[in-house]
Amino acid sequence: MQLVLFWIFSLLMLLSAMGVVFFRNPVSSAMSLVLSFIALAAVFVTLDAFFIAVVQVLVYAGAVMVLFLFIIMLLDLREEKRRRVRLSAWLGGGLVVGGFISALLKVVLSLPALFVEKPALSHPLANDIEQVGYNLFRNFNLPFQVIGVLLLVATVGVVLLSKKELK
Amino acid sequence: MPTLAHYLIVSGLLFALGMAGVLLRRNLLIIFMGLELMLNAANLSLVAFSRFNLGPDGMPNYNAQVFVFFIITVAAAEVAVGLAIIVALYRAKQTTHVEDLNTLKF
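Protein chains in written order, with this note's numbering: chain U, 1 to 167; chain G, 1 to 106.
None of these hints come from the bench; they were simulated from the model. Incorrect hints may have been included.
To be verified - Straight-line C-alpha distance at most 27 angstroms; calculated DSS-like pairs for lysine-lysine: (1) G:Lys105 - G:Lys93; (2) G:Lys93 - U:Lys118; (3) U:Lys163 - G:Lys93; (4) U:Lys106 - U:Lys118.
Stated by the list, open to error - Simulated DEER-style distance windows between Cβ atoms: (5) U:Phe70 - G:Val98: 17 to 27 angstroms; (6) G:Ala76 - U:Leu3: 13 to 23 angstroms; (7) U:Leu3 - G:Lys105: 32 to 42 angstroms; (8) G:Val98 - U:Leu3: 19 to 29 angstroms.
Said to hold, decoys possible - Some chain U residues close to chain G (C-beta under 8 angstroms, calculated; not the full set): (9) Met18; (10) Leu35; (11) Ala39; (12) Leu40; (13) Phe51; (14) Ile52; (15) Leu74; (16) Arg78; (17) Ser88; (18) Trp90; (19) Val96; (20) Val97; (21) Pro124; (22) Val149; (23) Leu151.
Predicted model only: the values in this text are computed from it and were never measured. By construction, the Cβ of each residue, glycine as well, lies at the ideal position given by its N, Cα and C atoms.
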């Protein structure tokens with residue numbers, strides 16, 4: 001049952017990621033990206049990471065995608081005109097991607113230690129929000145505050161970048 | 001039951017698709033979407049490792065999930081700044097096509 005769900009959602013995720021790359025209309029690509037993020041959240045649920053799955057839906061499928069669609073609307077992007085395809089660029093890109101996939105398969109398939117079943121948890125219904133929060137505020141308190149400063153810097157930077165003219 | 005290798009291969013394929021988007025497409029927004037896909041692939045492999053390597057108490061290693069939380073935060077900040085740069089660029093050049101942006105080209 002879990003294997004079936006894993007395959008359904010990971011195939012959905014990979015197919016919609018292919019849609020992001022190959023659709024010509026940016027709006028179709030963005031919609032495909034939403035589907036890919038939601039399918040990835042479902043894959044996180046099969047790994048018992050409920051908190052990360054919820055954050056994935058809220059931040060990626062919610063906030064980030066609204067930002068993308070807003071910018072597409074703002075720039076009034078149409079379907080791309082067909083340009084002369086650079087054969088060398090496609091060949092080079094395809095070569096790099098194909099090389100990456102074959103290297104990955106070679107490494108993963110040569111390690112028998114990776115073909116292990118999921119070990120059973122000691123508490124099957126883990127309260128993982130509590131665990132992640134405890135870890136975040138106890139062991140990763142300084143990085144957490146640094147992240148807060150980073151978000152502030154990003155906000156100020158965006159406001160500054162979107163001013164009409166810089167002085 | 002899916003094994004760790006299943007998750008790693010799916011995550012690697014997702015990373016490859018994001019890389020294909022960055023390398024093959026010429027629209028800045030689509031390049032950005034490819035970057036998001038690559039970050040998500042990294043998150044997937046981190047969560048998979050956390051679930052398959054249980055700690056001494058028999059629970060997943062939650063350090064990895066905290067790390068994923070940080071990656072998601074940094075990605076959100078990165079998207080905001082990157083899209084602001086794209087808007088500023090569009091205002092200056094009226095294009096988001098990378099081949100039209102060749103001022104620095106030697």
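Right, here's what the structure says about each hint:
{"no.": "1", "hint": "G:Lys105 - G:Lys93", "verdict": "holds, 16 angstroms"}
{"no.": "2", "hint": "G:Lys93 - U:Lys118", "verdict": "violated, 52 angstroms"}
{"no.": "3", "hint": "U:Lys163 - G:Lys93", "verdict": "holds, 16 angstroms"}
{"no.": "4", "hint": "U:Lys106 - U:Lys118", "verdict": "holds, 22 angstroms"}
{"no.": "5", "hint": "U:Phe70 - G:Val98: 17 to 27 angstroms", "verdict": "holds, 21 angstroms"}
{"no.": "6", "hint": "G:Ala76 - U:Leu3: 13 to 23 angstroms", "verdict": "violated, 32 angstroms"}
{"no.": "7", "hint": "U:Leu3 - G:Lys105: 32 to 42 angstroms", "verdict": "violated, 50 angstroms"}
{"no.": "8", "hint": "G:Val98 - U:Leu3: 19 to 29 angstroms", "verdict": "violated, 41 angstroms"}
{"no.": "9", "hint": "Met18", "verdict": "holds, 6 angstroms"}
{"no.": "10", "hint": "Leu35", "verdict": "violated, 12 angstroms"}
{"no.": "11", "hint": "Ala39", "verdict": "violated, 10 angstroms"}
{"no.": "12", "hint": "Leu40", "verdict": "holds, 6 angstroms"}
{"no.": "13", "hint": "Phe51", "verdict": "holds, 7 angstroms"}
{"no.": "14", "hint": "Ile52", "verdict": "holds, 5 angstroms"}
{"no.": "15", "hint": "Leu74", "verdict": "holds, 7 angstroms"}
{"no.": "16", "hint": "Arg78", "verdict": "violated, 11 angstroms"}
{"no.": "17", "hint": "Ser88", "verdict": "violated, 12 angstroms"}
{"no.": "18", "hint": "Trp90", "verdict": "holds, 6 angstroms"}
{"no.": "19", "hint": "Val96", "verdict": "holds, 6 angstroms"}
{"no.": "20", "hint": "Val97", "verdict": "holds, 5 angstroms"}
{"no.": "21", "hint": "Pro124", "verdict": "violated, 10 angstroms"}
{"no.": "22", "hint": "Val149", "verdict": "violated, 11 angstroms"}
{"no.": "23", "hint": "Leu151", "verdict": "holds, 6 angstroms"}
Against the hints set out earlier in the document, violations occur for numbers 2, 6, 7, 8, 10, 11, 16, 17, 21 and 22.
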